[in-house]
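Asker: Each chain, letter by letter, is given below.
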Amino acid sequence: MMNPKRVWVVAERDVRSLLRQKSMLAMRVAWFAAQVAFFGLIANYMFREDVLAAMGGSYLEYYVAGMVVTMLYSTAIFIGYDVYEEADHGVVEYLLSLPVSRRELVVGRSIGSGVRSLLHVGPMIVIALYLTGTPSALQLSTSLFCLFLFAFGASGLSITVAAALKSSDRFDILMGVVDALAVRLSTALYPVAFMPSYYGGLASINPITFAADLFRWGAGLESALLTPPLLAVVGIVAFSSTFTFLGVALYERRLEGGGWR
Amino acid sequence: MAPIIRMVGLTKRFGGFTAVDRLDLEVEEGEILGLLGPNGAGKTTTILMLATVLKPTEGTVYIGPYDVTKEADKARRLVGVAFQEPKLLWVDSPWSVLNWHAKVCGLPSGERRRRIRWVLEELGIWDVRFKSAHSLSGGTRKRVEVAKILVQRPKIAIFDEPTAQVDVVGKHKIWGMIRELRDEGSTIILATNELHEADVLSQRIAIMHRGKLLVCDEPRRLKDSIPGGDVVEVSFEGGVPEMVTEELRRIPTVVEVSAARQNQVKIYLNRAEEALPRIAELLLRLGLQAKSMRVSEPSLDDVFAHYTGLTIEEAQRR
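From first to last, the protein sequence lines are chains G and V.
Counting along the first sequence from 1, when you hit position 131 you're at 131 in the working numbering, and nothing is skipped either side.
With positions in the second sequence counted from 1, the corresponding number in the working numbering is that position plus 1000.
It should be emphasised that the hints constitute simulated quantities derived from the structure, not laboratory data.
Treat each hint with caution, since some may be false.
[Stated by the list, open to error] Okay, derived cross-link-like pairs now, DSS-like style, lysine-lysine, Cα gap no bigger than 27 Å in a straight line:
#1 K1055/V <-> K1212/V
#2 K1103/V <-> K5/G
#3 K1074/V <-> K5/G
#4 K1131/V <-> K1074/V
#5 K1055/V <-> K166/G
#6 K22/G <-> K1103/V
Throw the hints in and build the complete structure from the sequences for me.
Answerer: Put into structure tokens, the structure is as follows:
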């Protein structure tokens, strides 16, 4: 059985690391604001009325919601880089020697990374909601909780890959490829209506699509959804559970024994 | 007393390299066991298996009633490790490291702050508690690593080279605090290649070399196990009469007697403290007046050399 207190103490360590990333956070918010203010706004004028209708009437709103999710994903996978930094400093051995179970360690770290990522994109969520508005507090809260679950799952994915590869170079390359494919084969930045059918099939089972759809639902952009909210929630829960389970299994097997590069 | 740690055929292989080779060793509750050996002897690998960081390839370790290969989570709760290399991220401060460590070990808030303050003050690093690790000296980082365990106060405390890079005053402070921890009931494993440290702290010393346990006993008995390891040098006013050498050889614990100089004999023997009265008595009986008597006992380096044929320094170089 996992002890929730121990899990939270483990999580807290990663959440606190956000305080060390103030300048990075400021730069990302500035980058996000510029991306929305220039690219999002200008692109909005480039589309015909019928195209805009497929995205709920405004590309700017569609785009800003999708951008929040892609940033949440890229922030969540940062935990994998933390694992490598810790391996460089020998902190992995220290973490493995602590009086917590491997499961508590991986789940705690995934939760910590999930919370940290959500806090990190918090200012961007505020900007997005300023532009889109929100229909109800309950819908928004549900949507934000699902975004947390998504970030939790992406963190589990990152820990799993980091533990499996044990090489920061390979991790960097692989996560770059995964990021390119996962973001582009999703409805984060463009609707499925304009994708070839074989792309659309992959997009419809992509966790980034589920997260983007749920955030749009929370922001009241319901006409732009590909997946019904309940199905998207199921998809995100499945994604999070799978990678947490794999993370636990691999963390135990692969981290014991060293061999980090 | 029942052993609190029991290693049974403990083995760890990395590919074709055997780092620890069928280690059988028991540690009694409340003792300080020194794990002595040169770099590469297998001390750190053994510690990592005790701490459940590494899984044994063969054999196992019982930590209290728990087999680490089956109940690692329970075993881990009894153990705390101060690693050889301080495990700190460059951005961490001593306070944040210790506070989080104490929290994850389940110390309540008030007790946590009290213990951290006490340990940081005792180790002389209170003033740098909020500085980031990259601005601290190697010795200070090492003190922070040791401080984790002094704050945690686990049932089994493992220190891997606890005073490496620490100055003399700091060394004595750390030794004192390790003894205090033992006096409170913790069992201590002290891995070191510093002979003096092992000698002054340990009740028993296990000597490892190339992954194998060579011998484990009390320091005094290890030194006594070297035949003729103690040396008594006796200087006389005049020359050394030949019959003295013959008479000295008849004392049961004497192994060898040689004339070092014209007026000096060197007696190689076991347990010099027991033979000294007999030597004095013999000299009196023969009417000889000794100018000086000097006793020297073997060091742990001599013990290591006796069992391996190498000094620790030679073994490190290989």
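Asker: Compare the structure with each hint and give your call.
Answerer: Hint by hint, here is what the structure shows:
1. Under the criterion of a C-alpha separation no larger than 27 Å, the hint pairing K1055/V with K1212/V is consistent with the structure, at around 18 Å.
2. Between K1103/V and K5/G, the direct Cα distance comes to roughly 10 Å. Compliance with the 27 Å bound is thereby established for this hinted pair.
3. Our distance criterion of 27 Å between C-alpha atoms is met by K1074/V and K5/G, whose separation comes to about 17 Å.
4. As the CA atoms of K1131/V and K1074/V are separated by approximately 34 Å, the hinted pair breaks the 27 Å bound.
5. Note on K1055/V and K166/G: the hinted pairing holds, with a Cα-Cα distance of about 18 Å set against a maximum of 27 Å.
6. Of the supplied pair hints, the one linking K22/G and K1103/V holds, its CA atoms being roughly 25 Å apart against a limit of 27 Å.
Of the hints listed earlier, the one the structure fails to meet is number 4.
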